[in-house]
Amino acid sequence: MRFYPPIYPDDSILHPGPFPGAAAKDTRKPATFRADLVHSSIAGADVPSLEIDLEVIEVQARAARAAWIGSKLKSLFQNLVYWFERSDQAELEHYLAASESLADLEVRIRRYERMRSHAD
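Note that our numbering gives residue 21 to position 21 of the sequence shown, counting from 1, and the numbers run on in steps of one.
In short, the hints are calculated from the structure, not lab data.
The model shown is predicted, which means the values in this text are computed figures rather than measured ones.
For each residue, glycine too, the CB sits at the ideal point set by N, CA and C.
If a hint is listed, it holds; no wrong ones were tucked in.
Here are the in silico distance ranges between beta carbons for each label pair:
#1 LEU105 with ALA64: 53 to 63 Å
#2 ARG65 with GLU85: 27 to 37 Å
#3 ALA63 with ALA97: 42 to 52 Å
#4 LYS74 with HIS94: 26 to 36 Å
#5 SER71 with ARG111: 36 to 46 Å
Starting from the given sequences, assemble the full structure and let the hints guide the process.
See below:
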């Protein structure tokens, strides 16, 4: 026999049985031989079609995949542009940092500006 905590007043620790101190009563459930039937008020014409349109699903999947790939390519392109800009800036900083004097720094700045103006 299993022990269960009381859930409601007519329940006891030992199942089946009455609550301790209460009057004894029959706790057995009466046997039922009927089946519960579910009646539907939905007419046959109102029932939605359960057919799967694979062509529509495939078109939607291809569009979703293309959008996802497009977003990833855009992000990759933006990261590449940022990386090239940073590498150009780092190259300039290293070039200018190699100057030995203030006069050499000014010469290097003018030389860099001339290279940029000829490249554009």
